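Colleague: Start from the sequences and build out the full structure, keeping to the hints where you can.
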Amino acid sequence: MRDLANDIRMIAKDLFDQKRLDTLVGFEKGSAGARCRPVLIASAAEARSLAWDATCSNNLAVYLPFLFQRPPQRKGAEIPLPKVGFVVKGCDLRSIVALVKEKQAPRENLVLIGVPCRGMVDERKLAAAIDGAEIASLEDGDEKIAAALADGRSVSLGREEMLQDACLTCQQPVPEGVDVLIEGEARPVGDNGDSLVKSFAALAVSERWMRFQQEISRCIRCYACRQACPTCYCKECFAEMNSPAWIGVSTELTDAMIFHLIRIFHQAGRCVECDACMRACPMGIDLRTFTKKIAADVRELFGFTPGFDLETPPPLVTFTEDDSQEFITEPHKT
Amino acid sequence: MSEQTWQPKIVAFLCNWCSYAGADLAGVSRMQYPPSIRVVRVPCSGRINPLFLVAALQNGADGVLVSGCHPGDCHYLSGNLVARRKFAVVKNLLEYVGIEPGRVQFSWVSASEGGRFAALIAQVTEDVRRLGPQKRLAKVL
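Sequences listed follow chains R and S, in order.
Per the working numbering, the very first residue in the first sequence carries number 1; after that it's consecutive.
Per the working numbering, the very first residue in the second sequence carries number 1; after that it's consecutive.
Derived by calculation from the structure, the hints in this document are not laboratory data.
The calculated DMTMM-like cross-link candidates involving lysine to aspartate or glutamate, where the alpha carbons are at most 20 Å apart (straight line), are:
id, chain 1, residue 1, chain 2, residue 2
1, S, Lys135, R, Glu207
2, R, Lys29, R, Glu46
3, S, Lys86, R, Glu300
Only a predicted model underlies this, so the values are computations on that prediction, with no experimental measurement involved.
Modeller: Set out below in structure tokens:
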């Protein structure tokens, strides 16, 4: 198999040498287990540390708004915006496109290195498969993932069974419209996973409510879902506003439910179904079932899927005259 | 209170230019409708933040009604058209997680439709009465 990490290192080094980059956001080997972690590098020398494997699941677009923040500038003496590179999978790129559309960064200041994605390993599925044993290293194969455990054992696991649900239903594994596309194999596109939403919607109303309540009752309001989400970048979140204080800050159930409802609603037309929220959740709340609804709805109602195209406006800032209005209450004639 | 006499509390968000005037017309025309609504006047249905709807439910409303100008008649030209997309998404989401259909309703009423307004309130009140008191999102301390 092709060593994508090496390609990424070479390209990153070239880009720094050509002075096309100030910062690059990518992955490096983590210090514990076999996990990669996001890293910001600022020089060609540091490019050596870049890595790529089946544990690069984070959506790196989350760092974008932060990198382009600067205080108000005096006219004529503006500090130029940095040139920032990103190592992107399909999902990262779609989030970046959504952020560029929302004017969080000018496209010309971004240098995007695209990596075709074969799907990333789900930490929780992996931990369950090896009973939470510590992993020393992971070897990613075509159909198997070989894990060498810290206690000396080695386990071979089916790659497909270890992938995240988001990856199993990924529709755009190859980033398109990047500046440099690394050659490599991508996951074949399969089912879009909307059946999850359909089967949940088929339950009775009270049953749906019970499940929603059960999931959200575990929420500890740590806001990890919000912080991990690339398209949740408001400087002041409704959850923390105090004038007016829309919702309480405790883990009281209705407050937590409203937080999640509105957080999910705010992702309408922007959610790329990368499941960053669910990965970040320390309580393992099944946010996917609920977040996916908004993405499925936007697809169905407005025919919009957040993609690689910078031109189409986000669906909720625009309209057509013949949008569906079946939901409007028509009073009976009396 | 018995089933028959229980009067639900419904928060009605009415746009200043059409629905609020429609409600006014229903009033000055002395049309009868149930005394179940608490009106919040908003500049446009585009002003509605979905947070308003869930906040009303959390604070004890049994139902929520949002009404604006008919599509194409918005005082601000396209406020209700952008709002329509937002409403479609938020209504679906609320019903998906298990808020009973009928708790949160949306409609269009113009300034000349006093009769429609009265009929709408009667209908929404009946829907909410059938569902009973709203307890799912109401915050009880």
